[in-house]
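Asks: What follows is the residue order along each chain.
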Amino acid sequence: MNKKMSGKLSNRLSENISGWLILAPSIILFTFYIWEPMIYSLVLSVHETKGFRMERFVGLQNYIDVLKDNVFHQALINTFFYVIWSLIIGFLVPIVVALIINEMVHLNSFFRFSIYFPNMVPGVAALVLWGFLFDPSEGGLLNAIRIKLGLQPSDWLQNPKLTIPLLIFIMTWKAAGSTALIYIARLQGINQELYEAACIDGAGIFRRIVHITLPELYSTARMLLIMQIIFVFQVLYEPLVLTGGGPNNASLSLMLLSYNYAFVDFVAGKSATVSVLVTLILMCLTFIYMKATKENNNV
Amino acid sequence: MSRLDSKTSGIINFLDLRKPSVKALYYILLFISCCIAFVCLAPPLWVFLSSLKNIKEFAQVPPTIIPHTFEPQKIITTWKTLNFTKYYINSFILVAGSVVCAIVFNGLAGYVISIIKPRGYRFVFNLILWSLMIPATINLVPIFKNIVALKLNNSYIPLWLSYGANAFYVLLFKNFFDEIPREIIEAAKIDGCPNLRLFYKIVMPLSVPIIMVVTIFSINASWSDFLLPYIVLKNRESYTVMIKIYEMSFGNTWMSADMKMLAVLYAILPPVVLVIFFQKYLTQGVVIGGLK
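Keeping their order, the protein sequence lines are chains A and B. When you number the first sequence by full-length UniProt numbering, it's gap-free, plus one each residue, and the end is 299. When you number the second sequence by full-length UniProt numbering, it's gap-free, plus one each residue, and the end is 292.
Take these hints with a grain of salt, some might be off.
[What the hints assert, rightly or not] Lysine-lysine pairs mimicking DSS-like chemistry, simulated, CA-CA at most 25 Å apart:
1. A/K68 to A/K50
2. A/K161 to A/K148
3. B/K19 to B/K7
4. B/K23 to B/K7
5. B/K234 to A/K50
6. B/K151 to B/K234
7. B/K201 to B/K189
8. B/K145 to A/K50
9. B/K74 to B/K86
10. B/K201 to B/K117
11. B/K234 to B/K145
12. A/K148 to B/K56
13. B/K151 to A/K50
14. B/K280 to B/K7
15. A/K174 to B/K280
[Claimed, not checked] A few chain A positions that, by computed beta-carbon distances, are all more than 10 Å from chain B:
16. H47
17. E48
18. D65
19. L67
20. N70
21. I77
22. W156
23. Q158
24. K291
[As the list claims (entries may be wrong)] Over the 10 Å line for every Cβ pair with chain B, so calculated as not near, a few chain A residues:
25. L76
26. F81
27. I95
28. P136
29. Y218
30. K294
To be clear, the hints were calculated from the coordinates, so they are not data collected in a lab. Just so we're clear, the structure is a prediction, and the values are computed from it rather than from any experiment. The C-beta atom is built at its ideal place from N, Cα and C for all residues, glycine as well.
Could you build all of it, start to finish, from the sequences and the hints given here?
Replies: The following block contains the structure:
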């Protein structure tokens with residue numbers, strides 16, 4: 001009896017040990033790439049730095065400096081504008097596209113392929129590609145079209161009023177397809193009998209959309225909305241590659257500011273400070289997201 | 001016509017489509033769909049076609065919207081001039097290592113969390129779930145410092161390994177492994193199968209669909225990866241396609257615009273081929289990924 005017990009115990013122990021041994025490489029990698037850097041960012045943000053080296057503890061001085069900086073204000077406001085424009089331009093597009101494409105009996109798989117196509121274009125390549133189209137000289141395609149139509153060529157991304165909406169347009173072009181596929185999957189999960197019942201009750205197409213389709217999409221849409229906000233809040237590639245944050249900081253985002261502090265000005269402390277601030281804002285947004293998905297699970 | 005008569009799924013059904021007004025609406029929507037497809041496909045297509053114009057037409061201002069000349073041999077001559085074989089090989093090296101790391105390390109983590117469950121595993125799992133919410137770019141500076149501290153800059157190793165710490169892939173694996181019937185695993189354990197062998201002899205063969213999804217995701221991600229490679233790989237010889245494209249477009253201006261356009265095309269081509277071959281898994285992956 002006793003022997004059996006201890007055998008079971010050692011079995012359990014060896015199971016635990018081998019479990020942790022198998023998990024160890026992943027723990028090391030997560031520590032190296034995610035957990036330690038997070039803590040290090042916090043530490044870095046309260047130190048004066050020279051390049052990437054910490055010089056001395058300065059408390060909240062970096063935070064005070066950053067929060068007082070006009071460039072930070074500009075970046076913060078811009079980042080919120082990115083989010084707002086992405087909701088105006090980007091949020092409804094995938095829903096509408098999914099609704100339309102899902103109804104098509106002709107060329108259905110061709111349409112699915114085409115809406116997903118921009119997603120396959122690697123980020124930097126897509127941005128360079130749109131750079132050609134938005135070329136502000138007369139050599140750009142969109143300006144060529146404007147000239148054909150008898151209009152003046154536009155500055156496009158060099159126009160501070162247009163730069164954020166256009167960057168969001170490019171992001172939407174790239175990302176809307178995969179989001180639309182998610183909605184299409186959801187649309188196909190709707191019980192067809194609901195529509196049939198509505199038909200019998202004499203509900204027209206419009207009323208079927210309002211009373212059946214949209215409520216069925218609601219939980220998916222709510223979740224994707226928060227995810228989109230979090231995603232756009234971290235916008236970095238687009239202004240980095242296409243405008244460098246210009247013209248005159250009009251498209252500078254918080255993450256680009258953090259990047260510039262670190263890899264252009266080489267003040268790692270301030271860069272970490274901006275990162276920490278962004279993390280804090282995102283944590284608030286994530287909290288909302290968690291709430292939203294939790295409610296989803298209850299439905 | 002017969003196609004419309006057999007439409008039974010979706011909001012509009014075949015009965016509606018017998019009304020002329022609804023039929024008209026359907027064709028309007030079909031036209032809109034064509035416009036959507038055009039907006040999605042036209043920009044890369046235009047860049048592709050105009051990069052193949054002859055020099056004279058290319059230099060014309062304003063440019064011709066529909067190209068009149070077509071010189072497909074420029075695809076090959078530009079490839080040779082820019083020495084793109086080298087960048088392709090570099091990118092392939094990056095992708096291959098990243099995929100292996102993404103599957104092995106995240107798969108093992110998912111396996112331990114889902115099946116072995118050693119004492120205290122929940123703590124690690126919560127930490128991993130937490131990192132799901134930490135945006136990757138935010139940690140750039142400390143990651144770079146870590147890499148420099150280990151003298152791994154200018155090497156692919158830190159780039160490969162960065163795919164081994166992906167909370168989202170861990171979660172995908174974990175959720176999939178949760179669905180594997182416990183009887184199979186218990187039976188193997190009673191036969192005295194050690195944990196690691198259980199993983200690659202039994203769990204992995206049962207998990208082909210999720211491995212495909214993670215493979216496609218990580219191929220796509222590492223092929224398009226730009227920022228970390230750009231910061232880590234400072235040696236021109238080890239540039240990947242994305243770094244080369246970025247550098248070409250914004251660094252040296254000696255290069256003609258049609259060459260730059262073709263280089264963009266080279267960057268787009270592999271993912272397109274990938275999707276055409278694995279379309280089924282990809283749609284599945286997008287949906288799994290989006291509705292985590």
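Asks: Which numbered hints turn out to be false for this structure?
Replies: Violated: none.
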